[in-house]
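Use these hints to put chain B onto chain A, whose structure you have.
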Amino acid sequence: MGAVIENNTINGKPNQDVFSATLLELADKDRNIVVVTSDSRGSGKLVAFGQQLPGQLVEIGIAEQNLVGVAAGLASAGKRTFAVSPACFLTARALEQIKNDVCYSDNPVRLIGISAGVSYGALGSTHHSLHDFAVLRTINNIIIVAPADNFETTEAVKLAVKLNKPLYLRFGKKAMPLLTDDKQNGFEFGKGRVIRKGSDVTIIATGETVYPALQSAEKLIQQGINTTVVSMHTIKPLDAELILQLAKDTGAIVTVEEHSVNGGLGEACASLLLQNKYNKPFKIMGIPDEYTVTGSQTEIFDHYGLSADGIAQAVLNLLQT
Amino acid sequence: MVMTDKQLAERSITYRKKILKYIVGAKAGHTGGSLSCIDILNVLYNEVLNVGPQNFTSPDRDIYIQSKGHCVEALYVVLADKGFFPESDLETLCKYKSHYIGHPTKKVHGVEQNTGALGHGLPIAAGTALAAKMDKKNYRVFTLLGDGELPEGSNWEAALTAAHYKLDNLCAIIDNNKLQITGTNAEVCNTDPIDAKFESFGWAVRHVDGNDVNALKEVLCSMPFEKGKPSLVIAHTIKGKGVSFMENSVKWHHGVPDKDQYETAIAELDMEMANV
Chain A
1 MGAVIENNTI NGKPNQDVFS ATLLELADKD RNIVVVTSDS RGSGKLVAFG QQLPGQLVEI
61 GIAEQNLVGV AAGLASAGKR TFAVSPACFL TARALEQIKN DVCYSDNPVR LIGISAGVSY
121 GALGSTHHSL HDFAVLRTIN NIIIVAPADN FETTEAVKLA VKLNKPLYLR FGKKAMPLLT
181 DDKQNGFEFG KGRVIRKGSD VTIIATGETV YPALQSAEKL IQQGINTTVV SMHTIKPLDA
241 ELILQLAKDT GAIVTVEEHS VNGGLGEACA SLLLQNKYNK PFKIMGIPDE YTVTGSQTEI
301 FDHYGLSADG IAQAVLNLLQ T
Chain B
1 MVMTDKQLAE RSITYRKKIL KYIVGAKAGH TGGSLSCIDI LNVLYNEVLN VGPQNFTSPD
61 RDIYIQSKGH CVEALYVVLA DKGFFPESDL ETLCKYKSHY IGHPTKKVHG VEQNTGALGH
121 GLPIAAGTAL AAKMDKKNYR VFTLLGDGEL PEGSNWEAAL TAAHYKLDNL CAIIDNNKLQ
181 ITGTNAEVCN TDPIDAKFES FGWAVRHVDG NDVNALKEVL CSMPFEKGKP SLVIAHTIKG
241 KGVSFMENSV KWHHGVPDKD QYETAIAELD MEMANV
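Residue numbers (the numbering used here), protein chains in the order written: chain A, 1 to 321; chain B, 1 to 276.
Chain A extracted, bound-state conformation (with noise of 0.2 Å):
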């Protein structure tokens, strides 16, 4: 386990710049990788793709339907696909072009929800997608990832283009830290990466909650209280085999994701917990079911407790039952 980095350090960006950057990098050595955008090259941060390798980028215009249909026809005639649109309406307006022509029909478009979650914070609920892992997770042949830092990101964009398969990959437009500089053990779809390692509670974090988790471990080490913390970038295949580990390793669970609380990681790590055996105190942390507060993400995440704060109290809270 390497040291996890200070978490007063942003030193890192946002993991939609690396997502781009990365898959220019590789694109500029693969003519066959084509991007399909729903004019969203701004806030994908495709601008640069499409003035560099303006051949292998597909703009379709507003029309998210027809974007994943027209990536699911290139994806058949073999191009390795990234159709790039808003998590928010990818996953809610083209969801049928998501089971039928991608999944059911196997065709390997890698999908990239961009401004995931509470991303657009006071733009609105219409701009969050707090549905998509619920929706995806019903969905045969898919695998859901929503990578915590720069490192998971461009790991995941590397893997997604080996990997011939149905994917979504989901990030947000915050810069975001480095969460450890131990790069050993290596990224890998559906294995779960532990930050930290503490015998008391384990908290398993997925995406932009990845680094508030971490945060609060800190806090609760000053309490006395010992955490594991978990990326657990893959919701879909889950790890099951490390949450059962950690399950009986420490004496609780907490679940943090930017999503709704129905439906996202807590639940499928319920659902395999319970199925297991599991009588240990659990707790599932998310946006709770209604439109969230106006605010930014952060100001989101702090009201509903998805902060180092918010979370470290839960905890203790859990703790405390």
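Covered stretches of chain A, going by a simulated chain B footprint (3 or more residues, C-beta under 8 Å):
#1 54-64
#2 67-75
#3 90-104
These are computed hints drawn from the structure, not numbers from a lab. All residues carry an ideal CB built from backbone N, CA and C; glycine is no exception.
Only chain B this time, still in chain A's reference frame:
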């Protein structure tokens, strides 16, 4: 095998008999639409498409995507005839654990895409045609739409894309039998004039008698109708074509003939065969 006009017309009648046979065997199927579009499939697979079991994995093959997936019986019968699988497989149509389900599935050899939800064929076909352009390949992409699926907005999104990218290697065919499950297209959601709509979207449009194999052959072999534009064929067809009591009748959208109706239908088709 090069077929004479007479042989091609006879082939349609044989296909119609088989469609009815397997729908009766499955006790399910989209009878009216399969009978209306079978001449189109006959001409595509026997006269137009460069595809067969021998080159199905070739990246240079022509592609056919059936957007009106519910008329799968027509597709299965033609694919069996082309040798993609033994026709006897169709005896399992819609039966427990059969791969031959009631909408096209890639589990069946020869099927390019899983379809059935409407409004999906044209976007996928446009993407496939776009890939051909990007790769500078000469294969062509054909997709068959039902007229009843035209209100699906994704069709019009894809119509824009196809024109925007000048996909003259793409041909959409509308099986314009003018009926859908509830009634006439005009009653349910009027989409006329289809030609003017697609022309205004930047497509080259032709009308054809969609139950006349020779007319179909002439039109489908002449795409692109205009360089730089996607081609649309509005195939005027008769729902339930070939069986007098099924023609132009909504109740045969997914009606399954009973024993007497089946025998009457086969007798009519045999008589038509004798008069080709």
